Amino acid sequence: MPTFNLLSDIATYCAEKNCSIPDAMLDYELAQGRSSREAILAMLDKTLAVMEQAVEQGLTQLMLTKSGMLKNWAKTVFEAKVSTLGLPLQKAVARALAVSEVNACMGKIVAAPTAGSSGIMPATLVTMREEHQIPREKLIEGLLVSASVGLIFAKNSSFAGSEAGCMGETGSAAAMAASTIVYLLGGTIEQTFEAAGIALKGAMGLVCDPVAGLVEEPCAVRNAIGVANAFTSAQIALAGVKSLIPPDEVIFATKEVGELMSPRLKESALGGLANAKTAREIQKKVFRSDDVKLIGE
Amino acid sequence: MNTPEPSLFDILGPIMIGPSSSHTAGASRIGFIARRLLGESPRRAVITLYNSFARTHKGHGTDCAIIGGILGFAPDDERIKDAFDIARSKGLDWQFKFQGDAERFHSNAARLQLFGENHKIEIVGASLGGGRIKIEEIEGFAVEFTAQLDTLIVIAEDVPGSIQRISGIIAERKVNIAQMFVSRNKNQKPPMASMVMELDNPLPPSCVSAVGALGWVKFARLIESIQEGSSMYEK
Chain U
1 MPTFNLLSDI ATYCAEKNCS IPDAMLDYEL AQGRSSREAI LAMLDKTLAV
51 MEQAVEQGLT QLMLTKSGML KNWAKTVFEA KVSTLGLPLQ KAVARALAVS
101 EVNACMGKIV AAPTAGSSGI MPATLVTMRE EHQIPREKLI EGLLVSASVG
151 LIFAKNSSFA GSEAGCMGET GSAAAMAAST IVYLLGGTIE QTFEAAGIAL
201 KGAMGLVCDP VAGLVEEPCA VRNAIGVANA FTSAQIALAG VKSLIPPDEV
251 IFATKEVGEL MSPRLKESAL GGLANAKTAR EIQKKVFRSD DVKLIGE
Chain F
1 MNTPEPSLFD ILGPIMIGPS SSHTAGASRI GFIARRLLGE SPRRAVITLY
51 NSFARTHKGH GTDCAIIGGI LGFAPDDERI KDAFDIARSK GLDWQFKFQG
101 DAERFHSNAA RLQLFGENHK IEIVGASLGG GRIKIEEIEG FAVEFTAQLD
151 TLIVIAEDVP GSIQRISGII AERKVNIAQM FVSRNKNQKP PMASMVMELD
201 NPLPPSCVSA VGALGWVKFA RLIESIQEGS SMYEK
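Listed in order, the protein sequences are those of chains U and F. Going by the numbering used here, the first residue of the first sequence is number 1, and it counts up by one from there. Going by the numbering used here, the first residue of the second sequence is number 1, and it counts up by one from there.
Bear in mind the hints are in silico, worked out from the structure with no lab data behind them. Nothing here was measured: the structure is a model prediction, and the numbers come from that model. Note that the Cβ used here is the ideal one computed from N, Cα and C, for glycine as well. Do not take every clue at face value.
[To be verified] Part of the chain F face toward chain U, derived, beta carbon under 7 Å:
no., residue
1, ILE17
2, PRO19
3, SER20
4, GLU78
5, VAL217
6, GLU234
[As the list claims (entries may be wrong)] If you want the ones that stay clear, here's a sample from chain F, every Cβ over 10 Å from chain U, calculated:
no., residue
7, GLN113
8, GLY129
9, ILE163
10, VAL182
11, ALA213
Bound-form chain U, shown alone (with noise of 0.2 Å):
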């Protein structure tokens, strides 16, 4: 049974058995004797289109938020007339707000690792849809790709902004949309996974600080900045250029800023924009409701 702590580790399945990493992948989850390959398989198929539903929903849809603090930004950005480098990256991040509103809404979305950073790997895969005309059986290898980086991430990090901040949440599914994003366009394993690397370095030490508290802001903006990233991370691996610390290395050092970083920092929306003078005044006006009376005070 493949049991991966690194991912160096799948790096060395693929090599043994000479297979990608979505066939690693495969085996790993049947390993485990949960389910049959067609379910794994279908249990992706609905994966996907819970993910595709997301992003259409987020631009078709009116989307604002109980608290007032969203609303339709991506149609705004979705169709603004000025692009600073062109549609698809003005689209890719448009995708992604779409899904961080539908999830804000109380709409239907895929903890892609996260709740709160579930906006990236639809926007990517969409993305990648649109503008590589990547089929959809390709796309599910994509969703493989991604989950086996945020695998070893899990097994070494921490996806809980309580824990690891945003780095764990936007940072680690920037990191899993990258490596999709090399994966799909033909680039070797080493590249998937450095693209991995390259993504979490630039999330590394990034803050929780919720305003309010609510998955709103800025975690709405985080996600469109983490497809960014994730694109920028892997235009930069497939071009060859590599890490000096290999993406390991990487996983293990957010763990360690994950412990450096003040509570204050980690969703308790007590420090960072959450402690700015207009998050409390939004926060006072969010919670002003004279309809919740805590017993006993």
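Place chain F on chain U using the hints.
Showing chain F alone in chain U's frame:
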């Protein structure tokens, strides 16, 4: 039991209604389990949110998600968003209470009291992150289960040999008990006990009724495993 290796769907998942796996997905799951324990349509619900749930429920839709769960919606059911409206149309009467400083309970915990036509049930559940939950109290008994496996819940008079008798009925069906949690209350008259049995394989409904039919058993319910909508990782 060996800790299993994570599934790929612990990474890519759960598929859920946003915005928060702990405050929304986990919350709806607690409601869902309470509904299953009640075993009929609830008419009235009294929900107490504790600690972080009490303070932040509004922004995360925790209240809405719990009502959705009580209506029988799974954590990825898009009707959760409209749970209040649907509950109203079904004639469910509900009330929320909030306690911000309940140190006895997990930081994301809720007490649910459900009343149906014939039954009532009271549970306390905690949301652990990633959509996973733990039920900590049923009808005043301390319990512990996660509903990741099929789980049989029995509340019965604390008569000698009761555990043996019930596990015997289960064993006859060739079902294996993975874990069992017994809690007793000697102060009740007659003394009562709760038994929570997590099972390795599906238990036929006839078995649950056989347990329920025992004279000294007050309550027997099977909670079928709910693996969808949760990840083993804290998210």
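Okay, the hints, checked on the actual structure:
| no. | hint | in the structure |
| --- | --- | --- |
| 1 | ILE17 | holds (6 Å) |
| 2 | PRO19 | holds (4 Å) |
| 3 | SER20 | holds (6 Å) |
| 4 | GLU78 | holds (5 Å) |
| 5 | VAL217 | violated (33 Å) |
| 6 | GLU234 | holds (4 Å) |
| 7 | GLN113 | holds (15 Å) |
| 8 | GLY129 | violated (7 Å) |
| 9 | ILE163 | holds (30 Å) |
| 10 | VAL182 | holds (29 Å) |
| 11 | ALA213 | holds (34 Å) |
Going down the numbered hints, you'll see the structure goes against 5 and 8, while the others check out.
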